[in-house]
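Student: Here's the letter readout for the chains.
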Amino acid sequence: MQVAAVATVLVVIVGLSAAYRLSRKNFPGKELLDILLTLPLVLPPTVTGYYLIVLFGRNGLLGRHLYAWTGWSIMFTWYAAVLASFMVALPLMVKTARAAIESVDENLIRASYTLGHSEYWTALKVILPLARKGIIAGTILSFARAMGEFGATLMIAGNIPGRTNTMPLAIYSATGSGDRSQATIMVIVFTLFSGFFLYAASKLSRRVL
Amino acid sequence: MGLSIKVKKIVNGFSLDAEWTIGNELAVLFGYSGAGKSLTLQIIAGLLSPDHGFIQLNERTFFDSSTSRNLSPQARSCGYVFQDLALLPHMTIRENILYGAHGLSKTDREQQAGQMIEKFRITGLEQKYPSEISGGQKQRVALARALIRRPDALLLDEPFSALDNPLRAEMQHFLREVRREFPIPIIFVTHDVFEAYSMADKIIIYANGSVAQSGTPKEVFNNPASNEVEQLVNTRERLLKSVES
Numbered sequence: 001m002q003v004a005a006v007a008t009v010l011v012v013i014v015g016l017s018a019a020y021r022l023s024r025k026n027f028p029g030k031e032l033l034d035i036l037l038t039l040p041l042v043l044p045p046t047v048t049g050y051y052l053i054v055l056f057g058r059n060g061l062l063g064r065h066l067y068a069w070t071g072w073s074i075m076f077t078w079y080a081a082v083l084a085s086f087m088v089a090l091p092l093m094v095k096t097a098r099a100a101i102e103s104v105d106e107n108l109i110r111a112s113y114t115l116g117h118s119e120y121w122t123a124l125k126v127i128l129p130l131a132r133k134g135i136i137a138g139t140i141l142s143f144a145r146a147m148g149e150f151g152a153t154l155m156i157a158g159n160i161p162g163r164t165n166t167m168p169l170a171i172y173s174a175t176g177s178g179d180r181s182q183a184t185i186m187v188i189v190f191t192l193f194s195g196f197f198l199y200a201a202s203k204l205s206r207r208v209l
Numbered sequence: 001m002g003l004s005i006k007v008k009k010i011v012n013g014f015s016l017d018a019e020w021t022i023g024n025e026l027a028v029l030f031g032y033s034g035a036g037k038s039l040t041l042q043i044i045a046g047l048l049s050p051d052h053g054f055i056q057l058n059e060r061t062f063f064d065s066s067t068s069r070n071l072s073p074q075a076r077s078c079g080y081v082f083q084d085l086a087l088l089p090h091m092t093i094r095e096n097i098l099y100g101a102h103g104l105s106k107t108d109r110e111q112q113a114g115q116m117i118e119k120f121r122i123t124g125l126e127q128k129y130p131s132e133i134s135g136g137q138k139q140r141v142a143l144a145r146a147l148i149r150r151p152d153a154l155l156l157d158e159p160f161s162a163l164d165n166p167l168r169a170e171m172q173h174f175l176r177e178v179r180r181e182f183p184i185p186i187i188f189v190t191h192d193v194f195e196a197y198s199m200a201d202k203i204i205i206y207a208n209g210s211v212a213q214s215g216t217p218k219e220v221f222n223n224p225a226s227n228e229v230e231q232l233v234n235t236r237e238r239l240l241k242s243v244e245s
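As you go down the protein sequences, you meet chains P and Z in turn. Counting from 1, one number per residue, gives the positions in the first sequence under my numbering. Counting from 1, one number per residue, gives the positions in the second sequence under my numbering.
FYI, nobody ran anything at the bench for these hints, they're computed from the structure. A couple of the hints might just be wrong.
Claimed, not checked - A short list of chain P residues far from chain Z (calculated; beta carbon distances all over 10 Å): (1) Glu31; (2) Ile35; (3) Thr46; (4) Ile53; (5) Leu55; (6) Tyr67; (7) Ser103; (8) Ala137; (9) Gly148; (10) Ser173; (11) Thr184; (12) Thr191; (13) Leu198; (14) Ser202; (15) Arg206.
Claimed, not checked - Derived lysine-lysine pairs resembling PhoX-like cross-links, with alpha carbons at most 20 Å apart: (16) P:Lys25 <-> P:Lys95; (17) Z:Lys128 <-> P:Lys125; (18) Z:Lys202 <-> Z:Lys218; (19) P:Lys125 <-> Z:Lys106.
Stated by the list, open to error - Going by beta-carbon spacing under 8 Å, a handful of chain Z positions derived as facing chain P: (20) Leu47; (21) Tyr80; (22) Leu88; (23) His90.
Fair warning: this is a prediction, and the values are worked out from it, not measured in the lab. In this text, a Cβ means the ideal position worked out from N, Cα and C, and glycines have one as well.
Work the whole structure out from these sequences, hints included.
Tutor: And the structure:
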């Protein structure tokens with residue numbers, strides 16, 4: 001749960017700035033970036049997890065340097081679970097936020113510019129408020145996805161009780177070890193919570209919009 | 001003093017090639033839809049860049065292709081009223097007007113907003129949202145927002161086209177007041193021949209992306225320079241009659 005919350009905060013920050021750039025800027029490699037950001041949506045989570053190992057593992061492209069410098073590796077830590085959830089939830093945010101930003105009337109943005117407002121201020125005061133419906137939807141979807149994340153987390157965070165075992169992982173272990181009653185309780189709790197969360201989110205968004 | 005442009009721009013196969021100069025007066029860009037009038041406004045405001053040429057307002061160069069100078073729309077200080085008015089739907093009328101007061105001090109903003117609200121007869125609507133007020137009221141709000149920070153020029157892109165006749169006449173009256181009070185170049189795009197004739201100090205006739213003729217309304221309507229212009233203004237008999245009556 002904590003993992004999902006932290007991952008979602010990161011998703012909102014990174015996802016919004018990526019969605020803004022993808023929808024309003026032209027730059028070389030834009031299509032490639034779009035595809036890279038969308039890939040985790042269609043790839044099996046194990047594949048995403050594998051890429052994360054290649055990048056951040058102790059011998060990974062980035063992880064190697066990190067380990068050489070600090071002697072610390074993200075692998076099999078709580079941060080790895082956040083990273084995995086972040087990667088698989090990010091595409092949902094980018095996709096929905098981009099569509100919402102693109103649907104904002106271009107003339108409103110131009111009007112803001114002719115009134116002397118900078119691009120940053122216009123994004124803050126015009127684009128984000130008018131795209132909030134999609135942004136809220138993206139945040140909800142991302143959180144739900146981050147909460148249910150299993151595959152990539154298992155790959156890079158492992159399943160270490162008390163450290164990296166998120167609820168889906170705990171359900172997996174409980175079922176595997178034959179502890180049906182424990183698994184049933186967690187499944188019910190998880191389903192109820194997810195259902196309640198979606199209900200609260202739809203209530204909230206209806207009030208905000 | 002005034003506004004001078006000489007611009008060339010090709011967009012989607014359409015070619016604009018316009019050159020004109022106006023003083024602190026109300027100039028009407030008149031012509032059929034698609035003749036390049038709105039495009040010209042967008043270029044003056046800096047929302048689009050021309051391929052070649054220059055734009056100069058009161059000795060300030062907005063754009064010059066020979067020196068690669070190109071000011072941002074924010075730096076040009078042009079009040080712009082869009083055809084769809086572009087009021088911000090998530091802000092109240094008061095917030096919309098204050099949104100135009102960028103760069104003024106806080107007390108100045110409040111004071112100016114109060115004046116604009118009174119001048120444009122928006123009193124009582126301040127806390128409403130754009131979707132809750134009438135078409136004519138929206139026009140006045142858009143004008144107030146564009147003028148609150150005293151821009152160096154006012155650009156109007158067919159702002160009255162959606163109004164029916166009585167309201168249109170009222171807005172034309174408003175615009176004349178604006179013209180009296182703000183000694184700046186005002187450029188007004190329309191394809192309504194009556195509006196062009198009755199509002200303009202100077203008419204600039206657009207045809208197929210270039211200027212076919214310019215002059216006072218009388219000059220242009222009495223002595224059309226070409227068949228094209230003649231066709232555009234050939235309603236003048238009807239028009240003159242209606243002006244007399």
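Student: Taking each numbered hint in turn, which are not upheld by the structure, reported in ascending numerical order?
Tutor: none
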